[in-house]
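Asker: So you can see what is in the structure, the chains are spelled out below.
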Amino acid sequence: MKYIDEFRDRETAQTFAELIHAETRSDRTYRLMEFCGGHTHAIFRFGIVDLMPDNLQFVHGPGCPVCVLPAGRIEATIKLAEEHDVILCTYADLMRVPTGKRDSLHKAKARGADIRMIYSPTDALAIAKNNPESQVVFFAIGFETTTPPTAAVLNIAQAIELKNFSVYCNHVLTPPAMAHILSSGEAKIDGILGPSHVSTIIGSDAYKSCCKQYNMPLVIAGFEPLDVIQSTLMLVRQINEGRAEVENQYTRLVTSSGNKKAQALMNEVFELRPQFEWRGLGQLPESALRINNSYSDFDAEKRFEMQEITSSDIKGCICPAVLSGLSNPDACALFGTACTPEDPKGACMVSSEGACAAYYAYGRHR
Amino acid sequence: MSGLDIKNGVIEMAHGSGGRTSATLIEELFIRHLDNDLLRQGNDASAFDVPAGRIVISTDAHVVSPLFFPGGDIGSLSVHGTINDVATSGATPLYLSASFILEEGYPLVDLDRIVASMAKASRDAGVPVVTGDTKVVERGKGDGVFISTTGIGILPEGIHISAERAEPGDAIIISGFIGDHGIAILSSREGLEFETTMLSDSAALHTLVAAMVEIAPDIHCLRDPTRGGLATTLNELARQSSVGIRINEVEIPVRRQVKAACELLGLDPLYIANEGKMVCICPEAAADKLLAVMHQHTLGQDAAKIGIVTEDDAHLVIMQTAFGGQRVVDWLAGEQLPRIC
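These protein sequence lines map, in sequence, to chains A and B.
Oh and the first sequence: position 32 is 32 in our numbering, straight run, nothing missing.
If you count the second sequence from 1, you need to add 1000 to reach our numbering.
Pulled out of the complex, with its shape left as it was, chain B reads as follows (with noise of 0.2 Å):
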């Protein structure tokens, strides 16, 4: 075999024609790091048995920059956003499919930890990938590596976790620190490298829901607040569910090289984005059997009672501030931009 030079060779346009060289590739390296029955079969769909209950499916686009960050890359996170949509419906993920847009040029070497970062990924949460695809695009048209993965699960009877299904007098639950992955990525980004200890808080949290539900299935919502973050994620719950919310600022749990690193840049941890975290809203009366069990969990340990869901027309998202006044929480407009001065 022709081989695969990882070390010094990079992404080729025929690397995405579908003849030898696409083979080559898939074989050396994809399967390589991806390996399990199914994908080994290298078929153009994989088939399997399904447990009773309801099928479940969402799928996420990966764009990140840079590819690499503290604590993760874009190769796990691929892994661990798609699995944490698949459990905000309560559901155990069963199988993932990845789909890679490649750029021209792009070292085989930086693919090769990627997706080796994705393999790892995978089996710690024991969701395997079993299916995928691989298409290269011109050098100048990608930005080095695009992943779009797919994650289908089971949904046991009786649990039906929705976004608006939140009433008021319902409690509202953080998983644990806001704003850890997006100040992780800042601070790696090009033009805006500053010294922190911080990592992205990347993580799959399916099993942390297995446990939640499992004490409380009748969870009425659960969403991982990432892009946006928490206050987009609120937002949204309320308009979905026609309900007003009620947070506490000094409840909500910031980590204190979030809160300087927001401070400096003129940016809010709460529209900061977090690739580790799950906000749930359930029955008031369930809200301190579930944050013992969370608080059991690695994932969960900093859980916190943030606030509570209201009546209001207006669907506002109301925060009692540390220093004692109130304010509204409003969507993010656009992106969220450093301030001048």
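With the rest of the complex left out, here is chain A (with noise of 0.2 Å):
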């Protein structure tokens, strides 16, 4: 399959890993943070783990917006289609994530709310438009990749005047929580496997700052395995020659300044919140984005007057630990045993992008 087969070519792969095992050396070891789930879900779908030497081990990241979406937000959400009849769009990973109180989209759908799962924002404009008598919201989540497909939905629907369409907005940003893991220094990382699709968005220089602070060598790798084995090694090489650069391997959609057009979309339609609560890293000061005042009729969280929901995890879930890099997801007591995809405890588990999962689903021969 033409633009897929070639990053997926098994002889190149072989001449990428000889390189990282004759280049890495043996009197130390190499943590790498994979910072996207895109980037665990390829390591462990084909395999990359085999191909690299033992001394190399890759660390995974928060870069899972199912994952990082504390379960306050989801219980909100449940509250808001129960109580407010409201007909709720959503992504379809977000539908089994369970709350403290093991409730789920997934279970408030059985028991009569209508919510739908949904491919794209402009799904859950067709349905605002095709079913006038309802309210229709979206409840939208992810890093910088979706927010721009969010924005352009509120533009069209401020400028077809729909009344009767809302967000109930949750896109985070990639830089805070990026800097929040180096500053802490506890996952005691050599380099990052930077995001892909984020930084088409927001392009390869929004990290040059927390890297030169935090002296981190970084780049940029997309999410075929020839991306991530090829970014490996240029990883190996920045930190063998004492660089901590940022580098661009995704040359094919990354630029250093991103895509101009969807960041003036995205600063016509949100604001920064001063503080967010993160699954698993708490809350960070200017981390998320929220509707501001010139499309604040579409905010579902003022149109129904949402409140704040705090909900503690699962009790024995390390969700937090694995997505700030400080655990890998068998460490956990509930890993395999009470967490598993048909019964997640965590979000870990459920998001085909959570670390927990791909470790399940692909990695539990090892």
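Some clues are possibly wrong.
Said to hold, decoys possible - Calculated pairs, BS3-like style, for lysine-lysine (alpha carbon to alpha carbon, straight line, at most 30 Å):
id, chain 1, residue 1, chain 2, residue 2
1, A, K107, A, K302
2, A, K107, B, K1141
3, B, K1141, A, K109
4, B, K1141, B, K1120
5, A, K315, A, K107
6, A, K79, B, K1141
7, B, K1135, A, K109
8, B, K1305, A, K2
9, B, K1259, A, K2
10, A, K79, A, K315
11, A, K315, A, K101
12, A, K129, A, K107
13, B, K1141, A, K129
Unchecked claim - Covered stretches of chain B, as calculated for chain A (at least 3 residues, CB under 8 Å):
id, stretch
14, 1249–1263
15, 1308–1318
16, 1322–1330
Rather than coming from a laboratory, the hints here were simulated on the basis of the structure.
Quick caveat: nothing in here was measured; it's all calculated off a predicted structure.
Glycine included, each C-beta is placed from N, C-alpha and C at the ideal position.
Relying on the hints, combine the two individually framed chains into one complex.
Answerer: Structure below.
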């Protein structure tokens, strides 16, 4: 398949793997954080781990949009769907994420709430147009990749004066999360495989100050397996040479300044929240977006006077440590026993991009 | 006779009442299409002679959305699905029963198409529907049409095909390209329409199975990888036989269009449903002659050996990836959901 097979070529992968084996020094370890769930998924799905030397370890980062959404926000959404009788539109991954009370959107749907899985925010807009008698709410989540599409539908909704459509905005920002992980230093990482699709929007320059401040090598890496393995080699070389630069492996899509049009659209519709709770990372200042005043008519938090709900994660779940790069999923007492994809206790087991799901689905033979 | 207005009519509650209206529906729609000697007798039960051997029975409820999809519809699917389930035992399917749950308001013209398609599938397969039943539920309490079919067949002496018989060293064969049905269905599902030339692979596999059993009576396991796809079927077989399974990604036949659609939607072809494929586990010594026979059959011409059975107390299915690594191929958890980004 064109544009896919080229990036999954076995022989090229072997060549990169041999270089990595040859160039890694035996007197040290290489702890590399793959920032995105997409990377984690590729590492396990294609068996990249098998091609790496023993002293090179992948540490999993927080870049899984479903995983970092705090359970309280899902509880608030369930409440909205059940108490206000709205049509709630959501991305499919969110349906099974458990709250601290072991509830989920899936269960709420089974109880009778009108919750619909959509593939794009424009689907939610179409549902609103087709159901003028109902209030339609789009449960918007994700990093900078999924933010411009949300901005675009808000833009359209305002232009056509759609009265029955609103957005529950949960969009979060990548650089503050990265800065948080690096500032604590607990994860003890030597380099970062940087976000790929996020970087198409925000550009590679967005990480410069953070990497400089914490002296951290970073390579923006695509999600195909050859992208990941080539980026790994680039990181090994930076580490060996004592460099701490922002390098871009994903040049076929990422530029230094990103997608200006998408950025302008985001700036028109959203503003920074003073702080936002991340599952695993806690409250982070200026790390998320909310709908600004000129679009406030479409803000579900205002329209339905939604209250913040703080909820605890399920006891024993170490998703917070996994999302911060402090623990691997198999260190969790619940992993594979009490917590499985069929009966997930934490968000990292639900999302296909979650590290626990990747370990469970692809890596149990190790 | 009052007659059935197939062109403009819809299903009414009276069509399931058992009265004259029911009789008209049965006579003018169901029997008109599915006609055969046994059905025409109009008894509540059909009686027939059976050849020597063990009797095999299997039942399957069919719900599919949309009811009509590229390459088939719920009518043909309900025939193929049950014939295939009977065939997985190595048996020759003989007869089918069919019960219909119809929703009030469903257009008769669409029901007519469905039953006509069912009749064609049944005639083509040589497996008649010899008894049936119809019920009607109120509008909003069904999804147009549900069809439940049961099939019986005869298993000759000496055939013992069963999911717990896989042994370490056995070869694993798939009868052709995987994922066609699921992708054809997805492409026509509301909210996700995308253009593709993919057709469902829905087909009756009993003649293929007959040819396989004839050349290799010692086949250990047969199973049609429907819901949950190839991955789920292999996991079921590994667990039931208390073995491990190793497959090789590059050997698994997947069409380019299916790969592309899966890439786009964040799905894995291994978990996509099939309705015209068979997984076969057989002694390694029988694999080549089986493949040769399968390649002669239109429904097995793309058959491939994809792996082997191993000893493994954890009963894992492990895949050698095309990329050069290894990974577990797990059971499908919940339903396969498209990824967010």
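Asker: Now, for every hint given, state plainly whether the structure supports it.
Answerer: Hints, verified against the model:
1. Restraint check: the Cα-Cα separation between K107/A and K302/A comes to about 26 Å, which is no more than 30 Å; the hinted pair holds.
2. For a cut-off of 30 Å, the pair hint linking K107/A to K1141/B stands: about 20 Å separates their Cα positions.
3. This hinted pair checks out: K1141/B and K109/A have alpha carbons roughly 17 Å apart, not beyond 30 Å.
4. Only pairs whose Cα atoms come within 30 Å are accepted, and K1141/B paired with K1120/B is accepted, the gap being roughly 29 Å.
5. Restraint check: the Cα-Cα separation between K315/A and K107/A comes to about 20 Å, which is no more than 30 Å; the hinted pair holds.
6. Pair hint K79/A plus K1141/B holds up; C-alpha atoms about 27 Å apart against a cutoff of 30 Å.
7. Annotation: proposed proximity of K1135/B to K109/A holds, straight-line Cα distance about 28 Å (limit 30 Å).
8. At roughly 26 Å between alpha-carbon atoms, K1305/B and K2/A fall within 30 Å of each other, so this suggested pair holds.
9. Between K1259/B and K2/A, the direct Cα distance comes to roughly 11 Å. Compliance with the 30 Å bound is thereby established for this hinted pair.
10. A C-alpha spacing of about 23 Å is found between K79/A and K315/A, which places the hinted pair at or below 30 Å, so the restraint holds.
11. A hinted pair counts as satisfied when its Cα atoms are at most 30 Å apart, and K315/A with K101/A qualifies at roughly 11 Å.
12. For the suggested pair K129/A and K107/A, the alpha carbons sit about 27 Å apart, so the restraint of at most 30 Å is met.
13. Under the criterion of a C-alpha separation no larger than 30 Å, the hint pairing K1141/B with K129/A is consistent with the structure, at around 26 Å.
14. Only when three residues or more bring their CB closer than 8 Å to a CB of chain A does the claim for the stretch 1249–1263 of chain B stand; here the count is 4, and the claim holds.
15. Residues of the stretch 1308–1318 of chain B lying with their CB closer than 8 Å to a CB of chain A number 3, which satisfies the three-residue condition for coverage.
16. Closer than 8 Å: that is the beta-carbon criterion, and the stretch 1322–1330 of chain B has 8 residues meeting it against chain A, so the requirement of 3 holds.
In the structure shown, no violation is registered for any of the earlier numbered hints.
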